[in-house]
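The listed protein sequences correspond, in order, to chains A and B. Just so you know, the first sequence maps onto residues 1 to 282 in my numbering. Just so you know, the second sequence maps onto residues 1001 to 1353 in my numbering.
Just so you know, these hints were derived from the structure itself, not from any lab. Owing to the predicted nature of the structure, the values given are computational and were not obtained by experimental measurement. Glycine included, C-beta positions come from ideal geometry on N, C-alpha and C. Treat the hints with care, as some may be off.
Under the rule of at most 20 Å between Cα atoms (straight-line distance), these lysine to any residue pairs were calculated in the SDA-like manner [said to hold, decoys possible]:
1. K1131(B) / P195(A)
2. K1329(B) / E1295(B)
3. K179(A) / N1084(B)
Chain A regions said to be covered by chain B (calculated; three or more residues, Cβ under 8 Å) [unchecked claim]:
4. 166-176
5. 253-259
Partial selection, computed: residues in chain B whose CB lies under 8 Å from chain A [claimed, not checked]:
6. A1051
7. L1053
8. A1079
9. A1086
10. S1092
11. G1100
12. Y1223
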Amino acid sequence: MVEHRGLGRVVPYIILTLGVAIVAFPVYLCFVGSTHPQEITANGQMPLTPGPIFFETYYKTLFVGSSGSTREPVATMLVNSFIMACTIALGKIAISIISAFAVVYFKFPLRMAAFWLIFITLMLPVEVRIYPTYKIAADLNLLDSYAGLTIPLIASATATLFFRQFFLTIPDELVEASKLDGAGPLRFFWDTVLPLSRTNIAALFVILFIYGWNQYLWPILITTRDDMQTIVIGIKKMIVTADALTEWNVVLATAMLAMLPPVMVVVLMQRWFVKGLVETEK
Amino acid sequence: MATVELTNIKKIYAGGVEAVRDVSLTVPNGSFTVLLGPSGCGKSTLLRMIAGLETITSGTCKIGERVVNEIEPADRDIAMVFQNYALYPHMSVYDNMAYGLRNRGMPKPEIDKRVREAAVLLAIEEYLTRKPRALSGGQRQRVAMGRAIVREPQVFLFDEPLSNLDAKLRVTMRLEIKRLHNRLNATSIFVTHDQVEAMTLADQVVVMNSGRIEQIGAPGEVYKHPASRFVASFIGSPAMNLMTGKIVEPGVVETPGGKLPFDAKRFSASGEVEVGIRPEDIHTASSGGTSFTPELVEELGATRLLHGNFGSTPIIVAIPASGTVHENKEMRLSIDAQAVQLFDKATGRSLAR
Ligand SMILES: Nc1ncnc2c1ncn2[C@@H]1O[C@H](COP(=O)(O)OP(=O)(O)OP(=O)(O)O)[C@@H](O)[C@H]1O
Ligand SMILES: [Mg+2]
């Protein structure tokens, strides 16, 4: 570490403070806006200090819903989003860790072909295949269901590649030692591969949870019922084109609430997250 | 405990590499057999075939009375110690040792008893709750051996278990393995490319070269009566001096270093041969013998190495480090007839009867 004295010590703090301010200010404004009546925000006279209606706004947002286009309270949307993000993240992890395990540890005909097929799906995100995927989901009666919301997004090449790379760093001798210790493939998976992948799983969970939380295009297609909509879509629907009708305090409160779960996930799992990306336990 | 019997074992890898060609070998019950050979000669491959980690292309492998070719590694009743220890990083030392027993459904008290006994034997009791990460190389190696010992297998397999340790620790662990073997008396097969390890540990040394066995014998036997030029040059340090020679009369071979006597009762030879003499079998003489001019003298403490030539053949002489030797000053050497080895010029096999 280089030791700084005098000005050299202050400058980094100034830069950091500036950075934090730039990132945090819009969030703060959003919070302030959510505590003032809608006319004030709509008039463009946004104050810089929190207003009087914090509790009313958040109560209304969470449990009553706006009078505008969405009739569902935000609590439902939060639950929907949470279920969607968790299912997508856990589903992706489960599927990809199993497929990476198969590709790395088993010799079967067309193994590399299978791997490349998975690899190619990197080029086919849901936006590209949206029509056929929608058609299939509709044919399977998956519209307006959690299954429809999540399953088409679960297949994941990135996570499979990530796990494959990690498995390749596990020494072959560990596999052989397991064989000699009488552990079959499933035991080896549970007792060795899974514990060794813990930090990687945590890191991936953070990334994939946020990916799932931020989904917009697919949920907007697949859900029509109000009680199935996710929070990201909820926000959009609350903003009515006739500006005066938009309940800005509710919209901004929803935005604040939408931010909370991903932030919580990152904060809670940050230690593991960093560990999983930079080091391996070997 | 059991005898291991390999008959006409071959291994051809998927890429077409012939790693082991037609190896037949018997490892007697309770013996410590060392597979010795240069890098890439197929020792690990052979060991891994016995372990069941590699399929056997052809031939049979018998452990005890059972042909194990098609038997899973876990069911072969063997235990293996790997070069890089291969401990489970996320398990404690105790769990590392207990894991294999648990998988076999052994009752808990029995597992506990075995693990603790092995830990005492290897002096690792205080580390039982630690993770391998928190151990030194030597301690990890002990844990790896503990994992093998608790299994009480018929055969122990070691693949260069000491080569990741520093020189000093290697000597200590070598002694410890020897002691352990004397105590457990289990059949052991040990792979190494280090001849000192081989000589000190083995009851039986198997010298391998490019997938074949060159010689099987006790350490002294392999050293004194090498079966081929390869064994002669591979075992012993510095390596055996090799030169061309011609039999001029029974019991006398003409070499670049002059006419040398050899044991005609041991060797049946005629015509052109390859002559081998160990550096330590050449002695200084006050008169007679062979003329030699050392060009370079290396002091190794107890011994002294003289580098020079017989004609155009480079020669090393190892003599006790007493008195003085002058570089570039002619001296006389005597060579014992019993020490002269003769090899076939074409095949490199020993010409011993
Ligand atoms: N999985 C494999 N596929 C193809 N060839 C292999 C494989 N493993 C080993 N070989 C080849 O087989 C030959 C013998 O290898 P092996 O590992 O048995 O050598 P070794 O005697 O143990 O050498 P070292 O002392 O370096 O460990 C080598 O030529 C090696 O390249
Ligand atoms: Mg090897």
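Evaluated hints:
1. For the hint pairing K1131(B) with P195(A), the CA-to-CA distance comes to about 13 Å; that is within 20 Å, so the pair holds.
2. Taken as a hint, the K1329(B) and E1295(B) pair is honoured in the structure, with Cα atoms around 8 Å apart against an allowance of 20 Å.
3. Proposed proximity of K179(A) and N1084(B) is supported: the alpha carbons are some 16 Å apart, at most 20 Å.
4. Closer than 8 Å: that is the beta-carbon criterion, and the stretch 166-176 of chain A has 4 residues meeting it against chain B, so the requirement of 3 holds.
5. Counting residues of the stretch 253-259 of chain A whose C-beta sits closer than 8 Å to any C-beta of chain B gives 0, which falls short of three, so the coverage hint is violated.
6. Interface restraint check: A1051(B) against chain A, minimum CB-CB distance 7 Å, threshold 8 Å, status holds.
7. Nearest Cβ of chain A to the Cβ of L1053(B): about 5 Å, under the 8 Å cut. The hint holds.
8. Using the Cβ-Cβ criterion of 8 Å, the hint placing A1079(B) at the interface with chain A is satisfied: the shortest such distance is roughly 7 Å.
9. Given the 8 Å rule on beta carbons, the hint for A1086(B) holds: about 4 Å separates it from the nearest Cβ of chain A.
10. Using the Cβ-Cβ criterion of 8 Å, the hint placing S1092(B) at the interface with chain A is not satisfied: the shortest such distance is roughly 12 Å.
11. Taken as an interface hint, G1100(B) checks out: its beta carbon lies about 4 Å from the nearest beta carbon of chain A, inside 8 Å.
12. Here the hint on Y1223(B) is broken, as its CB sits about 33 Å from the closest CB of chain A, past 8 Å.
Figure legend: structure checked against the earlier numbered hints; hints not met, in rising order: 5, 10, 12.
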